[in-house]
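There are 4 protein chains.
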Amino acid sequence: MSFKDWALTPPMGWNSWDCFGTSIDEETLLANAQFMAENLKEYGWQYVVCDIQWYQPTARGLYYKNFAELNMDEYSRLIPAVNRFPSSAGGKGFRPIADKIHAMGLKFGIHIMRGIPRQAVHRNTPTVTQGVTARDIAQSFSLCLWNTDMYGINCNAHGAQEYYDSIIELYASWDVDFIKCDDIANTEFKPHDPYSAEKEIEMLRKAIDKCGRNIVLSLSPGPAPIEKADHLSEHANMWRMTGDFWDDWDKLYAMFKRCESWQPYVKPGTWPDCDMIPIGTLDHHSQNGKRLTNFTHDEQITLMTLWSIFRSPLILGCHLPDCDEETLKLFTNKDVIELNQTATASRKQFENSNIICWTAESKKHRYTAVFNVGSYEIKLCESLEKLCLEGKNTTELWTKEEAEAADGKLICQIPAHGAKLFRE
Amino acid sequence: MSFKDWALTPPMGWNSWDCFGTSIDEETLLANAQFMAENLKEYGWQYVVCDIQWYQPTARGLYYKNFAELNMDEYSRLIPAVNRFPSSAGGKGFRPIADKIHAMGLKFGIHIMRGIPRQAVHRNTPTVTQGVTARDIAQSFSLCLWNTDMYGINCNAHGAQEYYDSIIELYASWDVDFIKCDDIANTEFKPHDPYSAEKEIEMLRKAIDKCGRNIVLSLSPGPAPIEKADHLSEHANMWRMTGDFWDDWDKLYAMFKRCESWQPYVKPGTWPDCDMIPIGTLDHHSQNGKRLTNFTHDEQITLMTLWSIFRSPLILGCHLPDCDEETLKLFTNKDVIELNQTATASRKQFENSNIICWTAESKKHRYTAVFNVGSYEIKLCESLEKLCLEGKNTTELWTKEEAEAADGKLICQIPAHGAKLFRE
Amino acid sequence: MSFKDWALTPPMGWNSWDCFGTSIDEETLLANAQFMAENLKEYGWQYVVCDIQWYQPTARGLYYKNFAELNMDEYSRLIPAVNRFPSSAGGKGFRPIADKIHAMGLKFGIHIMRGIPRQAVHRNTPTVTQGVTARDIAQSFSLCLWNTDMYGINCNAHGAQEYYDSIIELYASWDVDFIKCDDIANTEFKPHDPYSAEKEIEMLRKAIDKCGRNIVLSLSPGPAPIEKADHLSEHANMWRMTGDFWDDWDKLYAMFKRCESWQPYVKPGTWPDCDMIPIGTLDHHSQNGKRLTNFTHDEQITLMTLWSIFRSPLILGCHLPDCDEETLKLFTNKDVIELNQTATASRKQFENSNIICWTAESKKHRYTAVFNVGSYEIKLCESLEKLCLEGKNTTELWTKEEAEAADGKLICQIPAHGAKLFRE
Amino acid sequence: MSFKDWALTPPMGWNSWDCFGTSIDEETLLANAQFMAENLKEYGWQYVVCDIQWYQPTARGLYYKNFAELNMDEYSRLIPAVNRFPSSAGGKGFRPIADKIHAMGLKFGIHIMRGIPRQAVHRNTPTVTQGVTARDIAQSFSLCLWNTDMYGINCNAHGAQEYYDSIIELYASWDVDFIKCDDIANTEFKPHDPYSAEKEIEMLRKAIDKCGRNIVLSLSPGPAPIEKADHLSEHANMWRMTGDFWDDWDKLYAMFKRCESWQPYVKPGTWPDCDMIPIGTLDHHSQNGKRLTNFTHDEQITLMTLWSIFRSPLILGCHLPDCDEETLKLFTNKDVIELNQTATASRKQFENSNIICWTAESKKHRYTAVFNVGSYEIKLCESLEKLCLEGKNTTELWTKEEAEAADGKLICQIPAHGAKLFRE
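Chains V, G, L and D, in that order, give the protein sequences.
Counting from 1 along the first sequence, just add 2 to a position and that's the residue number in our numbering.
Counting from 1 along the second sequence, just add 2 to a position and that's the residue number in our numbering.
Counting from 1 along the third sequence, just add 2 to a position and that's the residue number in our numbering.
Counting from 1 along the fourth sequence, just add 2 to a position and that's the residue number in our numbering.
Pulled out of the complex, with its shape left as it was, chain V reads as follows:
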């Protein structure tokens, strides 16, 4: 059995970053898990992922405190900040939280940074390997340009693989189901080589394969270099196609081209990732407290339709308990989720006059998504053949209305930045 079998459909879940940045805590995490269990689980949502710096006691907001003291065990491994995750006290790590989430019928994930803490290197603390200290395995010039926590690891050093083994072993002992590793799919420390952490990806893969637990591996940030698509597919379950995605039309529009490029690499077990879904309330630590997504309703429809037909992982970014009725509808459309989870052969069909058309198939259905990426409402009147439809029992999946067809053409109004998703 290969690691690819652990994610045969696009992973669905929630991640703490978009709303809580570096300062997620145990209570909030579990509140979101609870909401998911009660309202979303039945539709397929299952992963609850704790994002960056859970090991930093004083972290706050979307930015980082440089050189902050990190919580670390005797083998130079990061462990949860007890003030933020009280149940981790006494060396129990995330195991108590994982147990609670599992008890809700969900799965638990954590974020990690590539490498070994700089603080361990400069203190020259031990690693799990006898006689090898943090200093011995660090790659001194390899660092993350936006966060001071780590140095990269020199894959040629004695003890390097064992260090990666030791952290994964620890996380496996906490019953973690999902790891999002950051600063690894697109790095900036080596000019002209955005994929310079290639060897660390390989060490991580080996460590997970050894650990005895089926931990899904997700790589960040993006854009992952497309010329490394084969290497990515051999080492991870999902990886980011883009830089950080936020609620901005230009970023959403740019995703169409990225989806087109990455479409050949969408396969069961290995998923190019459009990034978290910034719909709902976001950024709780912004200056004005939480805020609503900037996407219009039509843009939200476009996002959900594109992520679904492209078959991206679906990872929600908002504070789930805040969800209003309308937002919840976007996340609980069974037909749309069925498309995302079961379709095959998804691909761009054509692009013409601000209309972009994607299609997919499943055993029971054929699907056609029609996007209007222009700034004006369009009255589409297009041949069914070109849209890969027959025109019989054609339903629009967001409205559940039957499509209007005449003279071999499908007719519909599509608002500016909006989409229609047909199934038959």
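If you're looking for bench data, these hints aren't it; they were derived computationally from the structure.
Each residue gets a CB set at the ideal place from its N, CA and C atoms; glycine is no exception.
Mixed in with the good hints, there may be bad ones.
Claimed, not checked - Here are some chain V residues pointing at chain D (derived, C-beta under 7 Å):
{"no.": "1", "residue": "A61"}
{"no.": "2", "residue": "Y65"}
{"no.": "3", "residue": "N68"}
{"no.": "4", "residue": "H124"}
{"no.": "5", "residue": "R137"}
{"no.": "6", "residue": "S142"}
{"no.": "7", "residue": "L172"}
Claimed, not checked - Covered by chain D, per the in silico footprint, the following chain L stretches (three or more residues, Cβ under 8 Å):
{"no.": "8", "segment": "351-360"}
{"no.": "9", "segment": "376-385"}
Stated by the list, open to error - Each computed DSSO-like pair below joins lysine-lysine, with the alpha-carbon atoms no more than 27 Å apart:
{"no.": "10", "chain 1": "G", "residue 1": "K381", "chain 2": "V", "residue 2": "K411"}
{"no.": "11", "chain 1": "L", "residue 1": "K259", "chain 2": "L", "residue 2": "K102"}
{"no.": "12", "chain 1": "L", "residue 1": "K192", "chain 2": "G", "residue 2": "K192"}
{"no.": "13", "chain 1": "G", "residue 1": "K381", "chain 2": "V", "residue 2": "K259"}
{"no.": "14", "chain 1": "V", "residue 1": "K381", "chain 2": "G", "residue 2": "K388"}
{"no.": "15", "chain 1": "G", "residue 1": "K259", "chain 2": "G", "residue 2": "K109"}
{"no.": "16", "chain 1": "D", "residue 1": "K366", "chain 2": "D", "residue 2": "K43"}
{"no.": "17", "chain 1": "V", "residue 1": "K381", "chain 2": "G", "residue 2": "K259"}
{"no.": "18", "chain 1": "V", "residue 1": "K192", "chain 2": "D", "residue 2": "K201"}
{"no.": "19", "chain 1": "G", "residue 1": "K292", "chain 2": "G", "residue 2": "K331"}
Dock chains G, L and D against chain V, hints included.
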């Protein structure tokens, strides 16, 4: 008084090429003149232009017979083929036809090819200059790649200018009002220099300025090189911006970019020319006899709107007596013609999501044209300010309907490839 | 037997152009043949070639009279001007001259221009094909940019191949051994296609293969496009690698790169051609009467060495009877000519600090040419191995001196722009 | 008085790197100073510069021990390793060594790395500024790719300028005369901005200008970006034009182009720097113990001639006491040093056939250097005029021989990779 005063507004008229190719004859020419006098003259249409090879007795259709015998006078000047233009018999040239057209209150134009007949060169016939034969003034390597009638003229040769003087003197004696000179604004015989006939343009200008008659000068074919815009403006009243224009959407769409580029050079007396208007019945000598234009009605509206607001010369290409009601309406919209003849400051305002917006002004009005160059109908909802409109007494000039405005926005449906032309 | 068998070694001979331009006459031609027979024949020189416009009675110098009357037979074929070639009177063509040259033990060649006389086209004279006139087979827009004699021939026209057959038949009946066809290997009438006379090359090949006489075919002018090397090799015995070559160091220096590029196509029967050798007295019709070559003696050595080791055809350009002792030595060095005629595997070995080294082999010998293309004398001290020499019995072929070698190195002084040619 | 007045002629001296790498010690440093005082001082040599990692007790050879413990004072400033520099014991720093060197009539310089020790940042040690620790002023992502000692300094941080002030104050208190700051003129941590430490150069300048001592400032490594030439000239006395220079012909040849580019920026007080001179015995800690330079004698002449006529700083790299007679001659040629120290208007005159010619002038003399960059000896025969010489009393400065001139030409043999330096 400068030659620019002879065409202070964009010339309006008819040309025989689009419908009759090389084989226009006296009767057909006069039938079109007659129709113009009765139905179009009152709207401003006035030039009746006889296109290429009126000096070739056996010419037929849209192509050429290589090396055909041409009708030539004793000074190596081409004269009308008597079988096609009977009134020219006895050395009267086009004078009798010009007289008839003038009697109708219209003006008369002819087409010429740059240079001197190859037949004159190889027969070494005299020119008007004592002791100078055709051979002495021909540029042996300068020829037209698509027609065998002429060699170019070597501007440095003794007798060169006098030859151009002699032909213009002849045409002036026929009371010609308009000359369309071909193979001169974009030539192909010198690779890398499409404007290699520059000196012949200058000789032509001099000849006309000397002749004592106000003959409007039009240069073909295009695309004239934009880097020669100043030279063109100093020598001709109009010149082609494009290769031959026909009833094909791609060519019409491409004209938008050309208009944008040439807009700074649109000035009273010197007009960049979008070419003849292929609307109505065309190509009488095609295999299936005459045919109707391929442009849809919406595309015809777009063409007439663009030519008008850009302030191109308006030269009709169809067989006028065939015009149906709907076609005639396009040519007799007083408001649209007023825009073309009197507006100033015409320019592209913006381009967005397949919408292209042009504006212009006149002493009494402001004009806004909105084009949908996409393949689908658009429901435009755009701020009046961006459209340079106020929203009061705003009339659409093709339908005469009042525009719908609300909340500072103008709202209208624009069909695929169609246009709306607002005035207020 | 293929046409390639007719030139198994690089053709050696003389051509009238460099010294006599368009005005070679019978007496001068035969004087050069006589000189060749007496002084050069024994070294391998054999072709005597009459260059351009032998059919133009009033031609003079290195330029052309536009549209001059040409001497033509009843089938639109050019024939010698009797005033310049008296023995051709009475329709005998070049046969009497060919006979005399053959009697001297030499071979006879003529120059032709691609196509059919423009004068024939405009007079519409007959061709050898019943019912087909010159006008029917001319390609009206295809002409030579530097000479007014011809139009190209339209390969698709009925009678086109037969016209080429008819001229070759005529020349074969004159016992011509060599044809240099001009305006065919690099044409300028079609921008972006310097090889646009490709089809005429094919017609010429067919015509020669049919005619029953082994006529060597040489194509001009250059540079022939290297991407057409295969086509050239399938149709001609030699073709020009360059534009017109004259006695100018920059042109000679540029030949090194050309030789390097064309070296893979040097094969028995098909020879890339460095052009005529402008050494000796040249340009008899220049303003100051004949003049001596501008090449220094060292540059002459370089030219003869490069042409020889590259295995170019060797075609002399001077007035042979004027040759002084020193010049004659350059043309009668048996060892150098043996290299040119018999070597194989010639190729550039290296280039370093203004030293360019070429090598070749024959059954008996190995050859190394060392060129100093810099402006200063060089004292070469280079390893024998790098020079592909052993250092035993190494002779310099121009001086016949033994080479100096020590410590595995060859030592020699090479003057600026000069060369040494070693054999062992 | 400006900092430019502190180096009105190109600085001349010795630096420990080329021979001793990271492991120079007090005894060796003083031995070189002693040799300079006795043998070189009279020719103008004066700076004795202690290169990198004098603060690292265990440093050895040309490479670095990652994360080694550094000797640091209470304000996060690096101080000499007492085991290597015994006289620095008791907090005396380099003052005792400076005193000894000054007593010899020489000047003393040290190397520093841009920034603040990473060890200070991770230990969060104090700086001279009340309440500001190392962590507060470090730029976390700015580091040196080839050495782990430092983080860059964030110029916007409170206490940043004061930290630079504090180190310069310390060095000034040691009576340092010259600072070579490294990892500052060409950095690699910001892709696409090799000059990203621009602000740190400015802080350094300010700190020196404040300190009350005339300390010459030299920036490394290179290549400094030429588009920053003006900024460099406003902030430093010398800066590196190249990456590390070593005894390799390709690097020496490449210097010609660099000199040509940087020549306009050579001005009194601000000197583009060709880097240390790797002639003599080098690399004492190489595997095989010290080794002799790889440059041939002719290449050494070329190096000294180019550095001199370009007016580069002259900084020797060998172990001076090892110098043999021949090497010493290269460093003690009064005429050549006079050229370097006093000439003006130095510039490249021409380049032709592997000959490169530079010229310069002084109040008394004119100078012409002729380099043979080819692989073969050249017999130069070139017009005096082109060489900017008159041919009277022309002396070659390395041989002291009079130049040979005839017919307005200078004649001389120049060996491969060699040079001649003429004065008149």
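So, going through the hints one by one against the coordinates:
1. Of the supplied interface hints, the one on A61 (chain V) is violated, with its beta-carbon coming no nearer than about 15 Å to a beta-carbon of chain D, more than 7 Å.
2. For the restraint placing Y65 (chain V) at the interface with chain D, the shortest Cβ-Cβ distance is roughly 12 Å, beyond the 7 Å limit, so the hint is violated.
3. Because the closest C-beta pair between N68 (chain V) and chain D is about 5 Å apart, less than 7 Å, the hint holds.
4. Taking 7 Å as the C-beta cut-off, the interface hint given for H124 (chain V) holds, the closest approach to chain D being about 4 Å.
5. Restraint check, R137 (chain V) versus chain D: the minimum CB separation of about 5 Å is within 7 Å; hint holds.
6. For S142 (chain V), the interface hint holds, the least distance from its beta-carbon to any beta-carbon of chain D being 4 Å, beneath 7 Å.
7. The beta carbon of L172 (chain V) comes no nearer than 24 Å to any beta carbon in chain D, farther than 7 Å, and the hint placing it at the interface is violated.
8. Only residues whose beta carbon comes within less than 8 Å of a beta carbon in chain D count, and the segment 351-360 of chain L has 4; three or more means the coverage holds.
9. Residues of the segment 376-385 of chain L with a Cβ under 8 Å from some Cβ of chain D number 9, which satisfies the need for three, so the listed coverage holds.
10. With a CA separation close to 19 Å, the supplied pair K381 (chain G) and K411 (chain V) stays within the 27 Å bound.
11. This hinted pair does not check out: K259 (chain L) and K102 (chain L) have alpha carbons roughly 40 Å apart, beyond 27 Å.
12. A threshold of 27 Å between alpha carbons decides the hint, and for K192 (chain L) with K192 (chain G) the separation of about 9 Å falls inside it, so the pair holds.
13. Restraint check for K381 (chain G) and K259 (chain V): the C-alpha separation of about 26 Å stays at or below 27 Å, so the hint holds.
14. Restraint check: the Cα-Cα separation between K381 (chain V) and K388 (chain G) comes to about 23 Å, which is no more than 27 Å; the hinted pair holds.
15. Proximity of K259 (chain G) to K109 (chain G) is assessed by CA-CA distance (about 32 Å); at most 27 Å being required, the pair is judged violated.
16. With a C-alpha separation of about 24 Å, the suggested pair K366 (chain D) and K43 (chain D) falls inside the 27 Å cut-off, and the hint holds.
17. A distance of roughly 26 Å separates the Cα atoms of K381 (chain V) and K259 (chain G); the hinted pair therefore holds under the 27 Å criterion.
18. Taking the CA atoms of K192 (chain V) and K201 (chain D), the gap is about 22 Å. The hint holds against a cut of 27 Å.
19. Restraint check for K292 (chain G) and K331 (chain G): the C-alpha separation of about 21 Å stays at or below 27 Å, so the hint holds.
Hint compliance for this structure: hints 1, 2, 7, 11 and 15 are broken, all remaining hints hold.
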